[in-house]
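Engineer: This is what each chain is made of:
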Amino acid sequence: MTAITNSQSGNFGNYDAHQSDSAAAQLRADKWMISGTILMGTAILGLFGLPLFLYGLRLQINAAKAGLSMRPTIVTLIGYLVIIDSALNSMGWTLDLFANHTLVNRVLTTGWGAMFDGGYFWHYNELWLGGAGAPGEKAWEIALIPVLFCARLAAAIGLLQMKRWGQQWLIVTCWMGVIVWTGYNTNMTIFADIRYSGVTFPVWGWWLYDIWYITPFLSLPYLHTVNREIFSE
Amino acid sequence: MNASNEKDLPLGTTAHYANMHKWLQRGLFVCLVCLVFEAALSFPLIAMWMGWPTLTLTEVCHEMEKVRFADDSRECIVPYPLFGPAEAKGQKTAQDTWGIQPRPHYKRIGYRDLVKFRDERLAREAAGARLRAERDVALKAGLSAAQPQQ
Amino acid sequence: MNNKSVSEQDRRRKKAMIVFQVLIYSWIFATFLVQLYLKSISNW
Numbered sequence: 000m001t002a003i004t005n006s007q008s009g010n011f012g013n014y015d016a017h018q019s020d021s022a023a024a025q026l027r028a029d030k031w032m033i034s035g036t037i038l039m040g041t042a043i044l045g046l047f048g049l050p051l052f053l054y055g056l057r058l059q060i061n062a063a064k065a066g067l068s069m070r071p072t073i074v075t076l077i078g079y080l081v082i083i084d085s086a087l088n089s090m091g092w093t094l095d096l097f098a099n100h101t102l103v104n105r106v107l108t109t110g111w112g113a114m115f116d117g118g119y120f121w122h123y124n125e126l127w128l129g130g131a132g133a134p135g136e137k138a139w140e141i142a143l144i145p146v147l148f149c150a151r152l153a154a155a156i157g158l159l160q161m162k163r164w165g166q167q168w169l170i171v172t173c174w175m176g177v178i179v180w181t182g183y184n185t186n187m188t189i190f191a192d193i194r195y196s197g198v199t200f201p202v203w204g205w206w207l208y209d210i211w212y213i214t215p216f217l218s219l220p221y222l223h224t225v226n227r228e229i230f231s232e
Numbered sequence: 000m001n002a003s004n005e006k007d008l009p010l011g012t013t014a015h016y017a018n019m020h021k022w023l024q025r026g027l028f029v030c031l032v033c034l035v036f037e038a039a040l041s042f043p044l045i046a047m048w049m050g051w052p053t054l055t056l057t058e059v060c061h062e063m064e065k066v067r068f069a070d071d072s073r074e075c076i077v078p079y080p081l082f083g084p085a086e087a088k089g090q091k092t093a094q095d096t097w098g099i100q101p102r103p104h105y106k107r108i109g110y111r112d113l114v115k116f117r118d119e120r121l122a123r124e125a126a127g128a129r130l131r132a133e134r135d136v137a138l139k140a141g142l143s144a145a146q147p148q149q
Numbered sequence: 000m001n002n003k004s005v006s007e008q009d010r011r012r013k014k015a016m017i018v019f020q021v022l023i024y025s026w027i028f029a030t031f032l033v034q035l036y037l038k039s040i041s042n043w
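Protein chains in written order, with numbering that gives the first Met the number 0: chain G, 0 to 232; chain L, 0 to 149; chain D, 0 to 43.
Don't read these hints as lab results, they were simulated from the structure.
Note that beta-carbon positions come from the ideal geometry of N, C-alpha and C, so glycine has one too.
Please note that a few of the clues may not be correct.
Unchecked claim - Facing chain L, according to a computed beta carbon distance under 10 Å, are these residues of chain D, among others:
#1 Ser-6
#2 Asp-9
#3 Arg-10
#4 Arg-12
#5 Lys-13
#6 Met-16
#7 Ile-17
#8 Ser-41
#9 Trp-43
Turn these sequences into a full structure, and let the hints steer you where they fit.
Structural biologist: Written as structure tokens, this is what we have:
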């Protein structure tokens with residue numbers, strides 16, 4: 000339905016051609032962006048993934064300028080950013096939850112803890128299930144990895160396919176993200192002594208490091224105000 | 000809403016929200032770039048802060064445990080046995096002021112401080128060993144001087 | 000639905016979004032300020 004409004008053709012044969020050209024161009028752009036996102040989701044290889052992603056994004060924008068009906072740029076950004084955000088969060092927390100005695104985790108996570116967030120340094124690997132022992136931290140990890148981030152990944156994929164359920168589920172999981180930000184921050188503020196005593200960059204460090212995870216706050220206003228008709232059942 | 004305006008707007012964006020959507024898109028782009036840089040550089044930069052490559056990653060792990068549990072004899076077991084008990088379970092050396100909001104007392108780790116901590120500890124241990132050796136020599140000499148020679 | 004009611008609805012929705020943004024950001028910012036205050040009164 001939406002493509003008709005964008006289509007510049009008068010008859011149906013042209014419309015079909017326009018549709019298949021658009022789909023092909025979108026797929027070509029998505030292939031670059033998916034490859035980029037896979038690399039960016041691994042964290043350490045992110046700098047190799049970013050150019051691939053940006054190239055795909057440019058292909059998409061140019062195709063839209065050329066008159067093809069492409070996914071809106073902001074939907075593309077939200078979808079892929081949510082995937083990257085979920086992947087990075089899940090990776091860090093999965094390391095802390097299940098791989099807390101690996102050398103990489105004991106350098107990366109406790110090193111990060113010593114610099115930015117004492118919750119990941121204080122009595123680390125002393126709790127019976129290992130990893131961070133700060134009050135409440137383990138409960139957040141267990142609740143968020145399987146419930147929030149998995150649902151959020153699925154919703155972002157649905158959104159990128161321009162599905163109605165993707166938009167709706169991303170709204171639901173972004174609201175969960177709002178609860179996470181407020182709850183997690185309040186917990187940190189209450190137990191601020193554990194979080195910030197003896198760390199290298201107390202308060203400022205954590206905020207500068209973590210503020211970039213505010214994806215849900217930037218996504219929600221868009222998801223609530225976009226014309227829902229552009230998403231298909 | 001007039002159609003001529005709508006033409007230039009992205010799909011799904013009405014004129015009413017055009018400005019908001021533009022700024023949201025900019026914010027999202029900034030977040031994405033920053034997240035990617037941060038995630039990619041975290042491990043190498045933290046490792047360097049902590050003393051790599053002067054210290055190996057295993058040594059960094061040792062030194063952080065010594066700081067965390069205020070105990071020079073602590074070492075990271077690498078590789079850690081699968082399904083073993085938590086490494087620091089039951090430790091008694093960490094320094095805290097206990098209470099409803101516990102307060103840790105470990106040393107702050109500044110840029111490449113772990114290298115300094117290690118060098119200082121090695122120097123201390125060497126000085127201790129030298130002192131013990133001198134005392135042993137002195138003791139032996141004292142003993143032989145005290146005993147009549149036969 | 001005529002155009003007028005749509006834009007009226009749009010306007011209210013936009014207002015709600017702005018209120019929401021302001022509330023959420025101010026809460027997050029408030030926790031940041033509290034942490035800065037705690038930092039100033041302790042020797043972290």
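Engineer: Now tell me, hint by hint, if it's right for this structure.
Structural biologist: Checked hints:
1. Ser-6: With a closest approach of 7 Å, the Ser-6 of chain D hint holds.
2. Asp-9: Cβ of Asp-9 of chain D sits 5 Å from chain L, so the hint holds.
3. Arg-10: OK, holds: Arg-10 of chain D within 10 Å of chain L, min 7 Å.
4. Arg-12: holds, 9 Å
5. Lys-13: Hint holds; Lys-13 of chain D Cβ to chain L Cβ min 6 Å, cut 10 Å.
6. Met-16: Constraint on Met-16 of chain D satisfied, holds at 7 Å.
7. Ile-17: Interface hint status for Ile-17 of chain D: holds (9 Å vs cutoff 10 Å).
8. Ser-41: Interface hint status for Ser-41 of chain D: holds (9 Å vs cutoff 10 Å).
9. Trp-43: holds, 9 Å
Violated hints: none; the structure is consistent with every hint.
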